[in-house]
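Using the sequences plus the hints, can you model the full thing?
Taken in sequence, the protein lines are chains A and B.
The first sequence begins at 1 in my numbering and counts up by one.
The second sequence begins at 394 in my numbering and counts up by one.
Be careful, since some hints might not be right.
[What the hints assert, rightly or not] In silico lysine-lysine, BS3-like type, Cα no more than 30 Å apart, as pairs:
(1) A:Lys112 - A:Lys136
(2) A:Lys239 - B:Lys735
(3) B:Lys632 - A:Lys112
Keep in mind the hints are simulated off the structure, nothing from the lab.
2 protein chains.
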Amino acid sequence: MAESIPPINFPKRLLMGPGPSEVDPRVYRAMIQPVIGHMDALFLECLAQLQQMLRETFRTQNAITFPIAGTGSAGMEAALINFLEPRDEAAVVVGGVFAGRMCEIIERCGGKLTRIDNPWGTAADPDRVRQAVRGKKLKLLAAVHSETSTGVCQPLEPLRQIAQETGALLMVDTVSSLGGMPLEVDRWGIDICYSGSQKCLACPPGLAPITVGERAMEVLRRRRTPVQSWYLDLGMVEKYWGPERSYHHTPPVNMLFGLHEALRLLQQEGLEASWARHRKSHLAFVAGLEALGLKMFVEDTAVRAWTVNTICVPAGVEDAKVRARLMERFQIEIAGGLGQLKGRIWRVGLMGLTATGSTVLLLLAALESVLAESGFGFDRGAGVAAAEKFFGS
Amino acid sequence: MAESIPPINFPKRLLMGPGPSEVDPRVYRAMIQPVIGHMDALFLECLAQLQQMLRETFRTQNAITFPIAGTGSAGMEAALINFLEPRDEAAVVVGGVFAGRMCEIIERCGGKLTRIDNPWGTAADPDRVRQAVRGKKLKLLAAVHSETSTGVCQPLEPLRQIAQETGALLMVDTVSSLGGMPLEVDRWGIDICYSGSQKCLACPPGLAPITVGERAMEVLRRRRTPVQSWYLDLGMVEKYWGPERSYHHTPPVNMLFGLHEALRLLQQEGLEASWARHRKSHLAFVAGLEALGLKMFVEDTAVRAWTVNTICVPAGVEDAKVRARLMERFQIEIAGGLGQLKGRIWRVGLMGLTATGSTVLLLLAALESVLAESGFGFDRGAGVAAAEKFFGS
Numbered sequence: 001m002a003e004s005i006p007p008i009n010f011p012k013r014l015l016m017g018p019g020p021s022e023v024d025p026r027v028y029r030a031m032i033q034p035v036i037g038h039m040d041a042l043f044l045e046c047l048a049q050l051q052q053m054l055r056e057t058f059r060t061q062n063a064i065t066f067p068i069a070g071t072g073s074a075g076m077e078a079a080l081i082n083f084l085e086p087r088d089e090a091a092v093v094v095g096g097v098f099a100g101r102m103c104e105i106i107e108r109c110g111g112k113l114t115r116i117d118n119p120w121g122t123a124a125d126p127d128r129v130r131q132a133v134r135g136k137k138l139k140l141l142a143a144v145h146s147e148t149s150t151g152v153c154q155p156l157e158p159l160r161q162i163a164q165e166t167g168a169l170l171m172v173d174t175v176s177s178l179g180g181m182p183l184e185v186d187r188w189g190i191d192i193c194y195s196g197s198q199k200c201l202a203c204p205p206g207l208a209p210i211t212v213g214e215r216a217m218e219v220l221r222r223r224r225t226p227v228q229s230w231y232l233d234l235g236m237v238e239k240y241w242g243p244e245r246s247y248h249h250t251p252p253v254n255m256l257f258g259l260h261e262a263l264r265l266l267q268q269e270g271l272e273a274s275w276a277r278h279r280k281s282h283l284a285f286v287a288g289l290e291a292l293g294l295k296m297f298v299e300d301t302a303v304r305a306w307t308v309n310t311i312c313v314p315a316g317v318e319d320a321k322v323r324a325r326l327m328e329r330f331q332i333e334i335a336g337g338l339g340q341l342k343g344r345i346w347r348v349g350l351m352g353l354t355a356t357g358s359t360v361l362l363l364l365a366a367l368e369s370v371l372a373e374s375g376f377g378f379d380r381g382a383g384v385a386a387a388e389k390f391f392g393s
Numbered sequence: 394m395a396e397s398i399p400p401i402n403f404p405k406r407l408l409m410g411p412g413p414s415e416v417d418p419r420v421y422r423a424m425i426q427p428v429i430g431h432m433d434a435l436f437l438e439c440l441a442q443l444q445q446m447l448r449e450t451f452r453t454q455n456a457i458t459f460p461i462a463g464t465g466s467a468g469m470e471a472a473l474i475n476f477l478e479p480r481d482e483a484a485v486v487v488g489g490v491f492a493g494r495m496c497e498i499i500e501r502c503g504g505k506l507t508r509i510d511n512p513w514g515t516a517a518d519p520d521r522v523r524q525a526v527r528g529k530k531l532k533l534l535a536a537v538h539s540e541t542s543t544g545v546c547q548p549l550e551p552l553r554q555i556a557q558e559t560g561a562l563l564m565v566d567t568v569s570s571l572g573g574m575p576l577e578v579d580r581w582g583i584d585i586c587y588s589g590s591q592k593c594l595a596c597p598p599g600l601a602p603i604t605v606g607e608r609a610m611e612v613l614r615r616r617r618t619p620v621q622s623w624y625l626d627l628g629m630v631e632k633y634w635g636p637e638r639s640y641h642h643t644p645p646v647n648m649l650f651g652l653h654e655a656l657r658l659l660q661q662e663g664l665e666a667s668w669a670r671h672r673k674s675h676l677a678f679v680a681g682l683e684a685l686g687l688k689m690f691v692e693d694t695a696v697r698a699w700t701v702n703t704i705c706v707p708a709g710v711e712d713a714k715v716r717a718r719l720m721e722r723f724q725i726e727i728a729g730g731l732g733q734l735k736g737r738i739w740r741v742g743l744m745g746l747t748a749t750g751s752t753v754l755l756l757l758a759a760l761e762s763v764l765a766e767s768g769f770g771f772d773r774g775a776g777v778a779a780a781e782k783f784f785g786s
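See below:
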């Protein structure tokens with residue numbers, strides 16, 4: 001073989017982009033529990049525990065609740081293709097990249113798409129959604145709860161009403177909200193909901209938790225055509241995760257160990273305490289940014305995600321330069337914008353382990369230092385001073 | 394939340410089933426390198442190294458060579474749906490469960506399937522394959538190299554000739570052979586080839602390495618219809634793994650760290666040395682089994698996989714009981730048969746770390762001990778004595 005390749009030994013970054021996020025050492029430790037057979041009784045017991053903890057995190061009683069063996073986009077695909085047959089009508093509320101991805105998937109599986117666009121950085125206007133779907137025989141209405149590309153948190157109550165009015169299933173992406181922002185799958189009437197392991201759950205990427213209610217499972221069971229994907233066919237995958245425990249595909253055993261431990265950590269903190277921690281970190285961070293004269297991209301404070309914080313890049317400041325300097329000088333990763341927001345916003349994840357006073361203050365201090373280099377004018381120290389108040393004395 | 398769930402602390406098993414297999418401690422160590430951003434320059438460099446090592450393992454120069462973010466079946470699905478459009482003709486050589494799975498996937502994506510069945514436990518008769526596809530406008534001919542459900546290793550040279558005669562792409566599953574048995578993707582003219590991380594590569598499950606030649610990529614690029622899956626669309630995924638390095642989905646970063654280290658281990662041993670080690674372990678194990686009066690399920694020694702060893706359950710011996718006792722008394726996992734072979738065979742993986750003299754002798758000794766309980770008559774010690782000769786003095 002070719003010249004020998006060195007082992008991986010990366011410097012430690014602080015991951016404050018929109019994911020992957022920081023991972024607790026306990027999760028890493030769980031991941032190296034030696035691999036065990038996927039049909040081993042001990043492993044199956046561990047899966048049952050994991051499923052129960054996922055149900056508690058999604059706030060649901062749904063039997064069909066488990067992680068898909070792929071990253072968030074595999075969850076998105078599973079959440080759509082299982083419930084749509086060719087020529088079924090589906091509507092997507094679009095305000096960013098990830099809802100756009102849903103549209104692509106719906107078209108690939110032959111669905112008839114109604115795309116309801118709203119300006120990036122705003123939540124959808126329920127009246128416009130209602131009007132767009134009026135008279136349609138809608139099978140599924142899809143939306144993104146926390147749009148990772150814009151930092152908007154879409155209120156779900158109005159969408160549920162519209163889904164109810166039209167008889168559609170309500171499908172919601174909670175990739176960057178699950179565990180970090182209030183979400184009540186059962187109480188809010190969400191039929192299909194998926195997330196990712198690598199955001200507020202503070203686990204490495206590789207798993208996409210999904211939960212499916214009985215109404216949606218009925219739709220799946222009554223299909224006239226097979227689901228286009230064998231790997232993501234929930235009717236088959238559920239046979240492994242359900243009481244049958246029959247083999248479908250070999251799941252990513254060690255990733256599941258990690259998620260099990262991540263959910264235990266969340267359970268120990270308490271879900272509502274985690275939501276409150278994410279909220280406080282977000283408010284403190286915003287207060288700090290505004291004290292520096294920076295502007296949040298999402299103007300309406302009521303629809304800002306607490307988890308993905310989007311900041312307008314100020315005039316005269318170079319987006320990529322600031323991010324590169326944060327990495328070079330402080331080993332902090334934040335991200336730029338996607339699609340139409342490229343170069344226009346920064347995206348900061350306060351998710352899981354980084355939703356704390358220490359990381360908020362550190363990032364504000366580092367940002368002040370780097371912005372000072374860029375020639376942007378502001379009161380040095382004002383950001384940290386405004387944020388620190390949120391964390392008590 | 395509910396009563397608290399304990400951390401995972403499983404006893405150590407010795408995994409000698411058909412996968413997942415044992416994992417080297419170095420691989421676990423690499424997996425807990427703290428997660429890093431999927432667009433981080435250091436990570437992208439690590440991916441380039443991983444791709445180069447995968448090319449060497451597949452024995453190919455194919456640019457399109459990378460792990461799919463899912464387990465082996467995701468690799469199978471990607472290897473089929475990217476190259477088949479509705480009504481395209483595809484033929485599958487079937488001699489076990491996994492080739493049967495290919496047929497299901499082809500039908501789900503609208504392909505016109507020619508299924509060429511041969512008795513489980515035998516390799517395909519090239520003349521029958523040739524006859525079955527004669528006159529068809531075949532786009533793809535698919536086969537399983539080492540059929541994990543039967544232990545047959547299908548010779549690929551005759552299939553390549555048939556693919557050439559018909560102008561079809563040759564697609565081969567090497568889930569349980571890659572790294573453990575000779576495989577020469579370029580020299581053998583394989584157009585599409587995939588595997589899994591959890592067999593001879595001795596990594597946990599979660600990744601499916603795939604390699605695609607230029608001829609197949611041309612077929613993909615000339616499609617008239619989009620690939621049905623967004624997640625597994627290789628034309629999009631390659632943009633992340635190719636020089637563009639543009640974001641598609643977040644890959645399972647820590648699993649990739651693990652595979653990087655597993656491939657480094659293989660590189661250090663040498664690929665051909667690894668093949669030879671798997672062959673010797675297989676021959677020693679078979680000699681031991683035969684000395685005990687046990688019979689291999691695959692009669693033709695020329696088509697036995699070295700990696701997945703299948704043994705006929707002797708008359709009067711309870712399949713499940715023997716496996717349960719191996720686990721209870723020695724913490725050794727082996728597997729039973731799948732489908733029509735349920736209750737009829739045992740499947741023993743000598744893959745990666747278990748393809749060694751020590752594990753072969755240990756398993757034979759344990760099997761002797763457990764078989765003695767079952768009332769099966771044989772010379773005690775004969776198995777170990779016959780096998781140990783293979784490992785020098």
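Task: Which numbered hints fail - done: none
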